[in-house]
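K.L.:
Protein chains in written order, with our numbering: chain R, 21 to 113; chain Y, 390 to 587.
Think of the hints as simulated: they come from the structure by calculation, not from any bench. Computed from a predicted model, the values in this text were never measured in an experiment. We put the beta carbon where it would ideally sit given N, CA and C, even for glycine. Among these hints, one or two may not hold up.
[What the hints assert, rightly or not] Between beta-carbon pairs, the in silico distance windows are: (1) R:Lys113 / Y:Thr508: 20 to 30 Å; (2) Y:Val435 / R:Glu76: 18 to 28 Å; (3) Y:Thr565 / R:Ala77: 32 to 42 Å; (4) R:Lys94 / Y:Val530: 31 to 41 Å; (5) Y:Met441 / R:Lys113: 17 to 27 Å; (6) Y:Arg396 / R:Glu76: 53 to 63 Å; (7) R:Met97 / Y:Ser563: 19 to 29 Å; (8) R:Glu56 / Y:His450: 54 to 64 Å.
[As the list claims (entries may be wrong)] Keeping only pairs whose Cα atoms sit at most 35 Å apart, straight-line, the calculated DSBU-like set for lysine-lysine is: (9) Y:Lys517 / R:Lys78; (10) Y:Lys521 / R:Lys59; (11) Y:Lys486 / R:Lys86; (12) R:Lys78 / R:Lys66; (13) Y:Lys521 / R:Lys94; (14) Y:Lys521 / R:Lys78; (15) R:Lys83 / Y:Lys546; (16) R:Lys78 / R:Lys59; (17) Y:Lys564 / R:Lys66.
[Unchecked claim] Selected chain Y positions facing chain R (in silico; Cβ < 8 Å): (18) Phe398; (19) Ala401; (20) Asp428; (21) Glu429; (22) Phe436.
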Amino acid sequence: MHILIRVRVTIAFLVWLVFAGAPRDLAIAHEGHQMECKKTSMQAIKADIQAMNDGEAKRVAVKEMKMAEEMMDKNDMNACKTHLHNAMDAIDK
Amino acid sequence: MSHTTRRWFIAALLAGTPMVLMGVAALVVYAGIYDIAADEPHSQPVFWVMQMVRDRSIAAHATEAVPVDLSEPKRIASGAVQYEEMCSTCHLAPGMKRTEISWGLYPRAPELRRGSQLTPAEQFWVVKHGIKMTGMPSWGVTHDDELLWDIVAFLRKIPELTADEYQALVRSASKTHEEMMQEMEMRGGHDHGDHGQQ
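Could you build the full structure based on these sequences and the hints that come with them?
P.N.:
Structure, rendered in C-alpha cells:
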C-alpha cells in the first residue's frame with residue numbers, strides 16, 4: 021500500500037515538473053534565440069534599424085551592427101553577441 | 390561623324406534607352422532576381438522609394454476633416470480596447486515585449502507607443518484603408534468610422550501611457566470589443582461578412 025502511494029506521489033511530482041517547468045524553459049529559450057549571432061537574427065535587427073528615424077540612436081545601432089558583423093566574420097561569437105545587444109539597446113531607446 | 394548621322398544616333402539613343410531599360414526590368418522580374426523574402430531587408434534606395442511612396446500616398450489621400458473630439462475619455466478607452474484586440478500583436482503596447490509576429494513582419498510595424506508623425510486624419514486613413522504589402526489590414530471593411538476614430542483618439546494618447554496606465558485604460562472601457570461590434574451592427578454599421586453562412 022505504502023509503495024503504491026509512493027509511486028503515485030512520485031508520478032504526480034514528475035508530471036508537475038514537466039508542466040510547471042516546460043513553459044518557462046521554452047520562454048527563456050525563445051528570448052535567448054532572438055539574441056543569437058546568426059544571419060536571421062542579424063537581418064531582423066537590420067530591418068529594425070532601417071525602420072528607425074534618423075538620429076543618434078540609429079547612428080549607434082548602425083555602428084554596433086557593423087561591429088557585430090565584423091566579429092561574426094572573425095568567428096568571435098561572444099563579441100558579436102555583445103555588439104548585437106548594444107545595437108538592440110540603441111533600437112529600444 | 391556627319392551632322393545627320395549624329396542626329397540619327399541621338400534619336401535612336403533617346404528612343405532605344407527606355408526600351409532597353411524596360412527590357413532589363415522585365416528580365417529582372419521574370420528571372421526572379423529580386424529577393425522578396427521578408428527576412429532580407431530592402432536595399433536602402435528601394436526602402437527609401439517605398440517609404441516615400443507610402444508617405445506621399447497617405448498625405449495625398451488623407452483629406453478628411455476630424456469630425457469628433459479625440460480627447461474624449463470614453464472614446465480613448467474604447468480605442469484602447471480595440472487597440473488591445475486588433476493592433477497590439479503587431480504594433481505592441483506599453484510594457485509589452487516584442488511578439489513573434491512583430492519580429493517577423495517586414496516592413497516593421499511601427500511601435501506606436503513611441504509616437505507617430507502622422508496627423509489624426511492620416512492615422513484614420515491608414516487604419517481605415519490599410520497599406521498594401523505591409524501586413525496592415527483595412528479595418529474599414531469590418532468597422533465603421535465611429536469605431537475607427539476611437540482608435541485614432543487612443544493613438545494620440547498612447548505615447549504618454551505607462552504599462553499600468555495602459556492596462557487600467559483597457560479595463561476602464563464600459564464594453565468589450567465583441568460588445569462594441571454588436572452595437573455597431575445594431576446601428577447599421579459594417580458586418581463581419583458571416584451572414585448567410587451555415
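K.L.:
Now tell me, hint by hint, if it's right for this structure.
P.N.:
Evaluation of the provided hints:
The hinted range of 20 to 30 Å is satisfied by R:Lys113 and Y:Thr508, whose Cβ atoms lie roughly 25 Å apart. Checked against the given bound of 18 to 28 Å, the beta carbons of Y:Val435 and R:Glu76, roughly 25 Å apart, stay inside it. For the pair Y:Thr565 and R:Ala77, the supplied restraint of 32 to 42 Å holds, since their beta-carbon distance comes to about 38 Å. About 51 Å separates the C-beta atoms of R:Lys94 and Y:Val530, a value inconsistent with the hinted range of 31 to 41 Å.
In this structure, Y:Met441 and R:Lys113 meet the distance hint of 17 to 27 Å, their C-beta atoms being roughly 26 Å apart. Between Y:Arg396 and R:Glu76, the C-beta spacing of about 55 Å keeps the proposed range 53 to 63 Å intact. At roughly 53 Å, the beta-carbon separation of R:Met97 and Y:Ser563 lies outside the given 19 to 29 Å, and the hint is violated. A hinted range of 54 to 64 Å for the beta carbons of R:Glu56 and Y:His450 is inconsistent with their spacing of about 41 Å.
As the CA atoms of Y:Lys517 and R:Lys78 are separated by approximately 31 Å, the hinted pair is consistent with the 35 Å bound. Distance hint between Y:Lys521 and R:Lys59 is fulfilled; the C-alpha atoms sit about 27 Å from each other, no more than 35 Å. Annotation: proposed proximity of Y:Lys486 to R:Lys86 holds, straight-line Cα distance about 25 Å (limit 35 Å). Pair hint R:Lys78 plus R:Lys66 holds up; C-alpha atoms about 11 Å apart against a cutoff of 35 Å.
Under the criterion of a C-alpha separation no larger than 35 Å, the hint pairing Y:Lys521 with R:Lys94 is inconsistent with the structure, at around 40 Å. With a C-alpha separation of about 26 Å, the suggested pair Y:Lys521 and R:Lys78 falls inside the 35 Å cut-off, and the hint holds. Distance hint between R:Lys83 and Y:Lys546 is fulfilled; the C-alpha atoms sit about 33 Å from each other, no more than 35 Å. A distance of roughly 20 Å separates the Cα atoms of R:Lys78 and R:Lys59; the hinted pair therefore holds under the 35 Å criterion.
Distance check on the hinted pair: Y:Lys564 and R:Lys66 sit about 40 Å apart at the alpha-carbon level, beyond 35 Å; violated. Taking 8 Å as the C-beta cut-off, the interface hint given for Y:Phe398 is violated, the closest approach to chain R being about 43 Å. For Y:Ala401, the interface hint is violated, since its Cβ never comes within 8 Å of a Cβ in chain R; the closest pair sits about 41 Å apart. The restraint placing Y:Asp428 at the interface with chain R holds, with a minimum CB-CB distance near 5 Å, inside the 8 Å limit.
Evaluation of the Y:Glu429 hint against chain R yields a held restraint, the C-beta minimum of about 6 Å falling below 8 Å. With 8 Å as the threshold, the beta carbon of Y:Phe436 comes within range of chain R, its nearest partner Cβ sitting at about 6 Å, so the hint holds.
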